[in-house]
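Listed below, chain by chain, are the residues.
Number of protein chains: 2
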Amino acid sequence: MATTKRTRPSAVRNARNVGRWDLEADVVVVGYGCAGASAAIEAVEAGADTLIVERASGGGGTSANAGGLLYMGGGTPVQRACGFEDTPEEMFKFLMAACGPDPDAAKIRVYCDDSVAHFHWLVAHGVPFKNSFYPEPWEPPTDDCLTYSGGENGYPFNRIAKPAPRAHKPQCVGSAGGLLMQKLTAAADGSGARIECDARCEALVVDDARRVVGVVVWQDRTERLVRARRGVILTAGGFVNNPEMVQRHVPLLARCAVKTGTETDDGRAIRMAMSAGADVIRMHAAEVAYPLAPHRLMRGILVNRYGQRFINEDTYFGRLAQEGLFRQDGEMFLIVDTAIYEPTAFGMQAAFVEESMAALERAIGLPTESLQAAVAYYNRFAARGEDPLFHKTATLLQPLSTPPYAAFDCRLSTQDVSVNATFSGFTLGGLHTLPTGEVLDPDGQIIPGLYAAGRTTSGVAAGGYCSGLSLGDGTFFGRKAGRSAAMAPAV
Amino acid sequence: MATTKRTRPSAVRNARNVGRWDLEADVVVVGYGCAGASAAIEAVEAGADTLIVERASGGGGTSANAGGLLYMGGGTPVQRACGFEDTPEEMFKFLMAACGPDPDAAKIRVYCDDSVAHFHWLVAHGVPFKNSFYPEPWEPPTDDCLTYSGGENGYPFNRIAKPAPRAHKPQCVGSAGGLLMQKLTAAADGSGARIECDARCEALVVDDARRVVGVVVWQDRTERLVRARRGVILTAGGFVNNPEMVQRHVPLLARCAVKTGTETDDGRAIRMAMSAGADVIRMHAAEVAYPLAPHRLMRGILVNRYGQRFINEDTYFGRLAQEGLFRQDGEMFLIVDTAIYEPTAFGMQAAFVEESMAALERAIGLPTESLQAAVAYYNRFAARGEDPLFHKTATLLQPLSTPPYAAFDCRLSTQDVSVNATFSGFTLGGLHTLPTGEVLDPDGQIIPGLYAAGRTTSGVAAGGYCSGLSLGDGTFFGRKAGRSAAMAPAV
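Going down the list, the protein sequences come from chains A and B.
Residue numbers 1 to 491, in the numbering used here, belong to the letters of the first sequence in order.
Residue numbers 1 to 491, in the numbering used here, belong to the letters of the second sequence in order.
These aren't lab readings, by the way, just hints derived from the structure by calculation.
Beta carbons: idealized from backbone N, C-alpha and C, even for Gly.
The reader is advised that the hints may include incorrect statements.
Only some residues are given here: those of chain A computed to face chain B with a beta carbon under 10 Å [to be verified]:
no. : residue
1   : K93
2   : A97
3   : P101
4   : F310
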């Protein structure tokens, strides 16, 4: 399906070949997910005649299918009401450590400094938040709001920045991406922005000075040319559902059974912008998750194909999965004893059960005595409440000493979609943008008339990830892009 | 210095704005390193009027400063004379395993199938090879030719493909990059190709159909416009000496003290092509080396910051360094005992020396009992000639049991340039090309008139690396690009 949709080229068109513009606006927003809605609201509020062009039959995009967490901090009303102290500086220190290597400091700086204001903006545009904390490091299944979503309170981040929970879920039971997008699209619809749906934006139009001046839209079997007097804002998602792009940029993600995104995440906006001379960065980066809830299973130990532990099991599950996929080639096992064992929340059972660690090691096929050595070392210190290697929190440290012993098989090579025992993920690489949303070329020069936000760009999460960063930086930098485009001189 | 050279934009120009072409040729080759020289020779031999444009005052580029190894196999005369059996299929299996994840199978296929023919082509163009084998897995300091350069005869590759040495060094004592380029530039000069030196190619010229029809050259403080009737071939190196590009694409390489390349490896050709709509892939990939010769030091064990081994120490030193940099964040130590210890060939001494492993572990700052556990495990099996974890070759397995014990500090964070104890590297990412040298856009479409080879492209080594692959695929695919461009219809 994706392939058919890519048959028409994303290559740039020249404005000289445009006979007549079918539509015009000051600001044209491509894509109506969280970044597009936020961009449109800001653009309208800044006085710009704004048009949203959306491929699907309505707003929402991948954002509407998301869990709904928004990463915000620095002392939001919810954080304060729940008794958590936070400052922009601690948030900055954490994100710089968690989102690297070498994430975009300028982006993270403004993201942290303006985070409380962004919370108030969301509330002002109808997004409700409850003043409550959910203690498990997972998207709250309740209508609670605040949760740890990046391993802030575990090693190594608890030694780098003062921990605070920063994922905020809009108030509804379970996943809140739908609610978030319902509120944001209602605000955008009500703002006066015009919206064209079932309209696939296919290419940018540039003038002879290489300024972006419009877009080519395919709608109702007709090509329509849309002029953008002040700017085009690309907020059309990432490329996780473009198999060829994933294969050439993130081959390990290509092997993950679940691609998190809608079919429209085919990278077209990225390709359109590249054709207009845009730079792309961190195209190899991806968010990855592996379903190992409930968190109490993290009393076990995760080992790689050499029987070695490689991470504190109590860290953010996305970090754990990224490490497992990208540094261990997707080869990992969760080892537990009978005192810890239970099937995962997603129905995954132990793949191997044996009366001794030696037998378990053999059954899995780990190197001789490797798992036994790792468990002996772990147990020796866990009995004292210590984890010299990875500093797992003491409450999750207990020796694995109650046979039989069991291993969950968490290998990429044996993913079992039937019980959801699968790696899932989406792309983090994309256009190189300034915090203003302006798109840069490979020389580092701004491309006039072009803006972008959300997963069409490389955002706050340059490599590492925390839950809530995509809706978080999508809405945040969507707004920045909307304002920038609206304030740009009209041509 | 690099910054000044980048002040002029690499953005594409439109042919409509070209009043007069200052120079014309069928094929314009940008850059006169190994790929450019090979491209020019082939283009001329295919009947094309060919012009080479080179920034420096003469040919050679980074190739001339290289060790001179060329990765070739499948049964070359040198391999056969030295008693090594090899086939294109075994070479293919090895490169697919060593150059990933997921290297370009089509490129590797033709690289292996035509490798023997490529050897003969080099000989026919004056490059001498001696029928001799050098047993250390390192660039021969002698005038010997053949050597293992990718860990072919060690784990895991010796279980994937039948091992054969494939790095061929042209015959001269020591580094042979200079000799190689002397011969190739002599062949290119003698072929009838025209050469413009001290001429920096700055941008591509495209026509309204987005075909590449020429280049903009800056020479003697004058802009000169050069028409390419059949094609432009970009062979101008990678981007290791563009600090901004390295920082945004390969931040860990940015921290390496030594950047292997000439100052002209500033990524301009990549940026020029991107401005014409080219795709880039694997921009995060880099060759990395860490100087741990002589190989007998690999009787020690390499451990990460958790005191764990992470690789068979006898593998290719580049693979070891890539693992150490990208998967261990540049945190590694080489642990030896007195029976093994000697300073490295580059003068690096042990940073820590202690009478017991416990004391060494403390001195280094490794987690309690971690190194002790790793050494105890290693010693137990090494005494039997076994390495269950990483399958180091038996002749290098000996228990670390002769105190005092010592550690070389191989951390990125403590690089010591004064004794050359440094990570060095160069970039592997670049333009996405077909085996023909044709450059693709992000939709996977060929950009008419544009070709590329060498480190301006993502080549055989998509991620992993073997010594000899850059001169190897630069000359090989330079030739392919030269022939493709020469055979293209003239415009």
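Each hint, compared with the structure:
| no. | hint | result |
| --- | --- | --- |
| 1 | K93 | violated (18 Å) |
| 2 | A97 | violated (12 Å) |
| 3 | P101 | holds (5 Å) |
| 4 | F310 | holds (8 Å) |
In this structure, the earlier hints numbered 1, 2 are contradicted, and the remaining ones agree with it.
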